[in-house]
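Chemist: What follows is each chain in one-letter form.
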Amino acid sequence: MNEKPKQPQTSETFGETAKTKDEISRRQFLTYTLMGTGGFMASMLIIPPLRATLDSVLQKKQEEPMVAVADVSEITDEPKRFTFTLTIDDAWVKNQKTTFTAWVFKSENGDIMALSPICTHLGCTVDWNSNPKYPEEFFCPCHGGRYSKDGVNIPGTPPSSPLAVYAYEVKDGKLYLGKLISRS
Amino acid sequence: MAHERNKNDVKYVGDSRVKVRKEKLYPKPYSEYPGKTEPFFPNFLLKEWMAAVVFLGAFMVLVVSHPAPLEATPADPNDTSYIPLPDWYFLFLYQFLKYFPSGTAVWGAVIIPGFFALLFLLAPWLDRKPDRRPSKRPIATSLMLIVVAGIVFLTYEAVVQHKAQVEAMEASAAQHAQQAAPAPAPQDQGTTATFDPEAAYMQSCSACHGQDLAGTAAAPSLIALNLTVDEVVDIITNGRSGSQGVMPPGMFSGTEEQKKQLAEWVLSHQ
Amino acid sequence: MIQKVYDWLDERLDLSPIWRDIADHEVPEHVNPAHHFSAFVYCFGGLTFFTVVIQILSGMFLAMFYAPDIVNAFNSVKYLQTEVSFGYIVRGMHHWGASVVIVMLFLHTLRVFFTGAYKAPREMNWVVGVLLFAVILGLGFTGYLLPWDNKAYFATKVGLQIAEVVPVLGPYVKHFLAGGDIVGAETITRFFAIHVFFLPAILLLLLGVHFILIRRQGIAGPL
Chain A
27 MNEKPKQPQT
37 SETFGETAKT
47 KDEISRRQFL
57 TYTLMGTGGF
67 MASMLIIPPL
77 RATLDSVLQK
87 KQEEPMVAVA
97 DVSEITDEPK
107 RFTFTLTIDD
117 AWVKNQKTTF
127 TAWVFKSENG
137 DIMALSPICT
147 HLGCTVDWNS
157 NPKYPEEFFC
167 PCHGGRYSKD
177 GVNIPGTPPS
187 SPLAVYAYEV
197 KDGKLYLGKL
207 ISRS
Chain B
789 MAHERNKNDV
799 KYVGDSRVKV
809 RKEKLYPKPY
819 SEYPGKTEPF
829 FPNFLLKEWM
839 AAVVFLGAFM
849 VLVVSHPAPL
859 EATPADPNDT
869 SYIPLPDWYF
879 LFLYQFLKYF
889 PSGTAVWGAV
899 IIPGFFALLF
909 LLAPWLDRKP
919 DRRPSKRPIA
929 TSLMLIVVAG
939 IVFLTYEAVV
949 QHKAQVEAME
959 ASAAQHAQQA
969 APAPAPQDQG
979 TTATFDPEAA
989 YMQSCSACHG
999 QDLAGTAAAP
1009 SLIALNLTVD
1019 EVVDIITNGR
1029 SGSQGVMPPG
1039 MFSGTEEQKK
1049 QLAEWVLSHQ
Chain C
6 MIQKVYDWLD
16 ERLDLSPIWR
26 DIADHEVPEH
36 VNPAHHFSAF
46 VYCFGGLTFF
56 TVVIQILSGM
66 FLAMFYAPDI
76 VNAFNSVKYL
86 QTEVSFGYIV
96 RGMHHWGASV
106 VIVMLFLHTL
116 RVFFTGAYKA
126 PREMNWVVGV
136 LLFAVILGLG
146 FTGYLLPWDN
156 KAYFATKVGL
166 QIAEVVPVLG
176 PYVKHFLAGG
186 DIVGAETITR
196 FFAIHVFFLP
206 AILLLLLGVH
216 FILIRRQGIA
226 GPL
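Chains as they are written, first to last, in our numbering: chain A, 27 to 210; chain B, 789 to 1058; chain C, 6 to 228.
One or more of the hints may lead you astray.
Stated by the list, open to error - List of simulated lysine to any residue pairs, SDA-like, C-alpha gap at most 25 Å:
#, chain 1, residue 1, chain 2, residue 2
1, B, K886, B, P918
2, B, K917, C, L218
3, C, K124, B, P918
4, B, K951, C, I7
5, A, K197, A, F131
6, C, K124, B, P926
7, B, K924, C, V46
8, A, K200, A, F126
9, B, K886, C, K124
As the list claims (entries may be wrong) - Label pairs and their computed distance ranges (CB to CB):
#, chain 1, residue 1, chain 2, residue 2, range
10, A, S133, B, A860, 17 to 27 Å
11, B, T1043, C, A68, 19 to 29 Å
12, B, A961, C, G184, 25 to 35 Å
13, C, V108, A, D115, 52 to 62 Å
14, B, A905, C, D26, 52 to 62 Å
Derived by calculation from the structure, the hints in this document are not laboratory data. Predicted, not measured: the structure shown is a model, and the values here were computed from it. Ideal placement from N, C-alpha and C gives every residue a C-beta, glycine not left out.
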C-alpha cells in the first residue's frame, strides 16, 4: 500500500486496495449511498411537519375589517388614547374578542393620525406625555425610547423606526381604523 | 496466562478495585465465526435502510391516503347512546372481560391476563433447555400459538359484536325517530293488542342487554332476575344506577300496560 | 474542517472506540436478508425502533398544535386536522404509527420467541423487551384519550373502570390516572403528561438498555 500519508486509516483497516486520487473506495461509496438514503428518509419525515408548523406564515392574511373607533368630534390636536375591539380567530380559539389601542389626534395639516402604541424597539407600550423630562413626546418606559408627536423616533434613543400607523377612514362623522401600516 | 494460578489469587483488571471474574457468558463476536459476516456500517445498515425506505414509503402512502379519524364533535359525557370501543390492540382484553359476569370481573381483568403476562415475562426461566428450534420445544411453541390464536379470535369477536351493537343501536334510534314523527302513527306500539314484547325488547333494550338477554359490557344480564313485575316496570320507567353503570330512564317509552307486558316477558327468562 | 473538530474532540474524549464498536461489529450471515431472504424476520425489531422514531418526531410536532384541556383539546386537534395544510399528515403519522408500532412489536416479539433468542445468556434483554411492550401499550392507552372525542372519552372511561377492578390497588391506580372521580379536566392533563413525559422517558431508558445489551451480548446465533 503506497498511499499518501493524509489518507485516513479507515480504508486500510478494511484491507481496501490502493486507489488513485479520483477513485472512491467501496466503503466510501456505500457511505454516500447510506447518507443519500438517510437524507431521503429524513426529509420524508421532516417536510410534512415542518410545512405544517410554517403554515401560519404561508397562509394569506385575512383582510381585517375597518372598525368604528370614535366620533370625529372627539379628536383634537392632543393625542388621545382610544381602544377598539376586534373579533379574531386565533387558531382553534374562534371568535375571540381582542382589544387594540390607538393614539389618535389631528395633525397640523388637519389629517387624522392613528398611531400604534407598540414601541418599535422591543414591543413595550408607549405613553403620551408621561415623562416630565420629555413633554409632548411619546415615551417608552422600558428603555427610554422617545418619539415625536407624529410618531417619528427621536435619533439617539433606542427605537430605529417610527411608530406604525393604522389605516383609517372617516364615514358619517365616525373614525374607522383598519390594519396597521409599518413605517420602517 | 500460561502458568498455573492459585485459586485464591486475585487478579485485577486496570482498575484495581474491580476483580476479574473468571467466566463470562458474553458470546464471542461474530468475526470469529465462519460465514459471510459483514460490518454493520456501512454494508449491513445500507441493506436495512433499503428495507426502511420501502417501509416508510408504504407508511406515508397510508398516512396521506387515509386521514386519521376524528369525530365531528368533542366528547359528550352525557351521551348515553355511545358504545365505547378501545383501540384495536386492547380489544382482546376488552372482549375477554365480557365472558366474566359482574362478580368475577377481577379474574377476567386482572388475574388471568396477569398470569399470562407473568408467564410471558418469565419465559426464559420456564423454557430453559438450550435447544432453540421451535420444533424442539413443543410446550413453549404450542402455548404461544394457542395464545396468539386466542388473541386473534377475541379481537375478531369483539369487532363482530361491536358492529352488531352499533347496528342494533342505529336501528332502534331510527325506530325512535319514526315514532317521534307525528304524522304516520297508525300501528304505533300499543294502540291495539298486537304489542309484541320481544320486538319491543329487541328495539329498545337489546343494544345494551344483548339480544339473548345475557348482558353486555354496557349492561347486566336480565336472565333469572329476582324481581317482581312492578319493580321491573319501575326500572324501565325511572332507570336505575347499579354496580354496572347507569340505566337512563325512559329507554322504552310505551304505555303502562306495554311496560308490564315487557316486564313479564323479561321475567319469563329464568 | 469537520475532520479537525473531530480530531480535537477525539484527542480529549477518545470518541473513536465508541462509534467504532457500533460501526465495525460484524453482522452474521443468518440475519442478513441479502443472503437468506427469510432473514427479513430479523428486521422487525429495527422497524419497531424506526416507527418509534417516527412517533417521537411526529409527536413533538403534534405537541406544538395541541392544548391538553377539555375545552380546547378537541378544537386544537380538529384545527390541525382540517385547517393546517399538511396537518392531517402530521396527525396521521402519529395515529397510524401507533398501530404500526404495535404490529411491528408483536412480530418482533414472536420472532424472538420462536427463535428462542431469549435463552441464556439473553434473559435480561427479554425482560427489558417485555417491559418495553408494556410501556408502549401504556403510550397507546394514554394517547387514545387526547383527541377528546366520544371515542376517546368512553374508551378511557371503560379502561379506568377496568383498572378499578384490581384488588386493593385498583381505586388508587384509577385515582392516580384520572386525577379525580370523573374523567375530566384533570384526567386529560395527567394523560397528556404521562403520554409525553413519563412514559417516553421510561421508553428511552429501556430502549437504551435494550440496545446496549444487544451490542454486549451479540445477536443470537443461527438455529
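Chemist: Can you name, in rising order, the numbers of the hints this structure does not satisfy?
Modeler: Failing hints, ascending: 1, 4, 9, 10, 11, 13, 14.
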